[in-house]
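Residue numbers (the UniProt record's numbering), protein chains in the order written: chain A, 1 to 267; chain B, 1 to 540.
If you're looking for bench data, these hints aren't it; they were derived computationally from the structure.
A couple of the hints might just be wrong.
Said to hold, decoys possible - Here are the simulated PhoX-like cross-link-like pairs (lysine-lysine), alpha carbons at most 25 Å apart as the crow flies:
1) B/Lys250 to B/Lys7
2) B/Lys191 to B/Lys123
3) B/Lys143 to A/Lys98
4) B/Lys250 to B/Lys233
5) A/Lys260 to B/Lys7
6) B/Lys191 to B/Lys377
7) B/Lys233 to A/Lys29
8) A/Lys98 to B/Lys377
9) B/Lys7 to A/Lys262
10) A/Lys27 to B/Lys123
11) A/Lys9 to B/Lys118
12) B/Lys123 to B/Lys195
13) B/Lys195 to A/Lys204
14) B/Lys188 to B/Lys118
15) A/Lys27 to B/Lys230
16) A/Lys29 to B/Lys462
17) B/Lys462 to A/Lys204
18) B/Lys250 to B/Lys195
19) B/Lys369 to A/Lys27
Claimed, not checked - Calculated from the model, a selection of chain B residues having no Cβ within reach of chain A, i.e. all distances over 10 Å:
20) Glu108
21) Ile347
22) Phe439
23) Lys532
All residues carry an ideal CB built from backbone N, CA and C; glycine is no exception.
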Amino acid sequence: MTPALRIMKEQLINFPLILRLALFEIKGKYQMHYLGILWQIINPMIQVGVYWFVFGVGLRQGGAVGDTPFIVYLLLGIVPWFFISPSIVQGSNSIYSKVNLVSKMNFPVSVLPSITILGNAVNFAFMMILLFAVVFAHGIYGGVSLIQLPYYLLCMFTFMYAFTLFSSTISAIIRDYQLLVQSVMRMLFFVTPIFWSMDSFPEKLQTVIKLNPFAYIVNGFRDTFLGGGWFYEDWRYMLYFWSITILILLVGSTLHENFKSKFVDYL
Amino acid sequence: MTKPVVKFSNVTKEYSLFKKKSDQLLDILSFKRINRSFLALHDISFEVDPGETIGIIGTNGSGKSTLSNLLAQVVPPSSGNINIEGETSLVAISAGLNNHLTGYENIELKCLMHGLSKTEIAKISPYIIDFADIGEFIYQPIKNYSSGMKSRLGFAISVHIEPDILIVDEALSVGDSTFHQKCVDKFKEFKEQGKTIFFISHSLSQVKKISDRIIWVSYGQMRMFDTTAKVAKEYNAYISWFNELTKAEKKNHKKDMLATQFGKFSGNNNGSSFQNSEKGKNTGVKSLIPAFLMMLLTLLSGASMFFENPSEIVSSKWKNMNLNSKEVQSENSEKLQTQSETIDEEINQEAIALGQLILYEDVELINNKEVVPSLTKLYVQGLIGKSYKLKYQNSIFYASKDKIGLVNGESHNSEFTLEEISRSFSSRFVQSYEYFFAFSSANIDEIKSIFNGMTSEIEFPKGDVLLEYSNDHLAYLFDEEGSMKAIHVYSIDLGSPIIEDIKENSLAATDGNGSYYVKLDQYNVILDVEEKRMSFFPND
């Protein structure tokens, strides 16, 4: 347990550093563009538009999912996904791509995935505002269940950090792993209930779909905004999600501690 | 005597050389260690006091950069101990600069990474800009810089973050002489503050100018560590000796020297790496325990999601196990079981299912076992609450008593005819019933083609099909093969005198007087009072 605790403490102590380095990362990314940070909104909006057109108007003929208009249903899945997917892919690469910069100084390498996640979180914040606007414009109001949003955000950030810490360590040593992460994330987009609903599947298959931790986050977002239910109601699912998250964190931090001084050797 | 600020004892740095990428992976997993290795530095020991300026000199590939990386604690040694008191700062060309950000932003970024606070950064930024002396370019992205500008900026940042030990690795070779002079001045300032400087270069003239002592490294070994004058003399002698050699001799010399650096892992190193891996294993095993527990929890909770009520399943499984063992223990288990149940009323009578009947395994009617069709013969043993305990095909079942007709003790001879019963049909149907009953042996397709006005077709889960002709108050029931099972007649006139007759002379009746069973020549008839329905089952 100690490596995991040590690494989590490192994140907390270095939080101001993480925050400011994340801002530098965003600045560096959009320095070259005339529209600058606006691309953080334009890019996902175009993508949402495409998915809405293809999967909403094209395949579903604009049909609603239950009582929910399809565009709202889609946004509730795709907004968290557009945060999760690039963060995981870039986060997994974060140590490999930056260890050169930080290796010549005493720098806590374990904050590199955090910086990537936080850098993407700015984009996510914009998208959340957009999401709130669309949801309320459709007259959908989750009521009290909206207060579980912080819980699901916590789930999301914890899982993302645990996973990126694990895979950034692996992918710094074994480069093939990065390609694997990219492919798997692309596949998970279709396997996670983002633009389709689980309800039409038999119960056993639904459970198999639910084993994917991303499904927990996406379903949680829907429950939050559509007033679906409380996170503690399905306590077995909650237990499963947290135990897999902590498992990944434990393994990831142990690996990270063992290899952190040797990253430079593997470059 | 002051405490040394830097202390190296028997430091060795070894790089593994792999023929294939997969060998590296095996090495990481420590399955095998048969790779060749390269001794970049071998058995280096020295001490440096605070305030000294140390030059490190050597030819290309002699291990200068490895030494500087070890000093900056960028790479760990393979074996030996390094003791460094204080913060180190490595000045290497454009290390840690982001090409897309401006010079000014890079100052902030790099200072941040060194752990400076915002106010400290604001304080030293003007000095850095002044020292780097790159004018308006400070507000331009780094990618527009010349290499001289980059190294000047990198150097300026490194010297201004107030390290205790400064390590300069060939950084000055790009700067012009004016900048070089500036650096030398800065070094002097540093020295006056009692800070230690390591200056790494292959140019003896530059090193000579500023160093107090010089370390001469050659092919991974420390050849000399002495005052500037002594080392400079020896180094010059070596260089001139080497230059006088013929081409072939030079080649041979290099080859011989390099050969000492290659080889399998040395015994000395093996011991230390063994120590390392041992330590790693210990922490590994310790940290494996929570990870293993977590994995178990993940698997269990994941598996539990596949069941509706895991706790119930576990407890019922446990109960079953208990029951089984009891059965093994004593053959009287059935007796025990019957004794443990409290039968409210002993019945022990033949019975008939009046309507489709669900048989349950347990008295609470939860686990259903079998569905039997109407007119199935049963044997009712007793009443428990609102259900019957009954025997069917030599097994004990329980069922709701509503649909079970107990056979009357005194047997009645059927005295009814279809004509008599038809008096209870609705006034409209009574005129046409003969026509409809004429097809009582037709199959589903024939019925469909003969009669018009079918109002609905209902398919039941077990394959039965019901064709309803509600305008005529009639429905035909077929089995899965399409042959007729029953004719349902609706809207029975319960006030008709024949109904009373049927009730009195029925062969079987439910306890609550909901259904009655009579037998005609050609049909078995079930009268359902609540539904006002009569069902005619053709009598084979």
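Hint check results:
1. At most 25 Å may separate the alpha-carbon atoms for a hinted pair to count; B/Lys250 and B/Lys7 exceed this at roughly 34 Å.
2. A threshold of 25 Å between alpha carbons decides the hint, and for B/Lys191 with B/Lys123 the separation of about 22 Å falls inside it, so the pair holds.
3. Restraint check: the Cα-Cα separation between B/Lys143 and A/Lys98 comes to about 18 Å, which is no more than 25 Å; the hinted pair holds.
4. Between B/Lys250 and B/Lys233 the alpha-carbon distance is near 21 Å, which keeps this suggested pair within the 25 Å criterion.
5. Straight-line distance between C-alpha atoms of A/Lys260 and B/Lys7 comes to about 23 Å, which keeps the hinted pair within the 25 Å bound.
6. Between B/Lys191 and B/Lys377, the direct Cα distance comes to roughly 110 Å. Violation of the 25 Å bound is thereby established for this hinted pair.
7. With a C-alpha separation of about 52 Å, the suggested pair B/Lys233 and A/Lys29 falls outside the 25 Å cut-off, and the hint is violated.
8. In summary, the hint linking A/Lys98 to B/Lys377 is not supported, as the alpha carbons are separated by about 81 Å, beyond the 25 Å threshold.
9. Proposed proximity of B/Lys7 and A/Lys262 is supported: the alpha carbons are some 22 Å apart, at most 25 Å.
10. A C-alpha spacing of about 23 Å is found between A/Lys27 and B/Lys123, which places the hinted pair at or below 25 Å, so the restraint holds.
11. Between the alpha carbons of A/Lys9 and B/Lys118 the distance comes to roughly 22 Å, so the proposed pair stays at or under 25 Å and holds.
12. Pair hint B/Lys123 plus B/Lys195 holds up; C-alpha atoms about 21 Å apart against a cutoff of 25 Å.
13. Of the supplied pair hints, the one linking B/Lys195 and A/Lys204 is violated, its CA atoms being roughly 69 Å apart against a limit of 25 Å.
14. The suggested pairing of B/Lys188 with B/Lys118 is violated, with an alpha-carbon distance near 28 Å, which exceeds 25 Å.
15. As the CA atoms of A/Lys27 and B/Lys230 are separated by approximately 52 Å, the hinted pair breaks the 25 Å bound.
16. With a C-alpha separation of about 65 Å, the suggested pair A/Lys29 and B/Lys462 falls outside the 25 Å cut-off, and the hint is violated.
17. Distance hint between B/Lys462 and A/Lys204 is fulfilled; the C-alpha atoms sit about 23 Å from each other, no more than 25 Å.
18. Simply put, B/Lys250 and B/Lys195 have alpha-carbon atoms about 40 Å apart, too far for the 25 Å limit, and the pair is violated.
19. Taking the CA atoms of B/Lys369 and A/Lys27, the gap is about 69 Å. The hint is violated against a cut of 25 Å.
20. Distance to chain A contradicts B/Glu108 as a non-interface residue, since its nearest Cβ pair spans about 8 Å, not more than 10 Å.
21. For B/Ile347, the non-interface assignment is confirmed: its Cβ lies about 40 Å from the closest Cβ of chain A, beyond the 10 Å cut-off.
22. With a closest Cβ-Cβ approach of about 41 Å to chain A, B/Phe439 is found to remain outside the 10 Å limit, as its non-interface label requires.
23. The Cβ of B/Lys532 lies farther than 10 Å from every Cβ of chain A, with a closest approach of about 39 Å, so its non-interface assignment holds.
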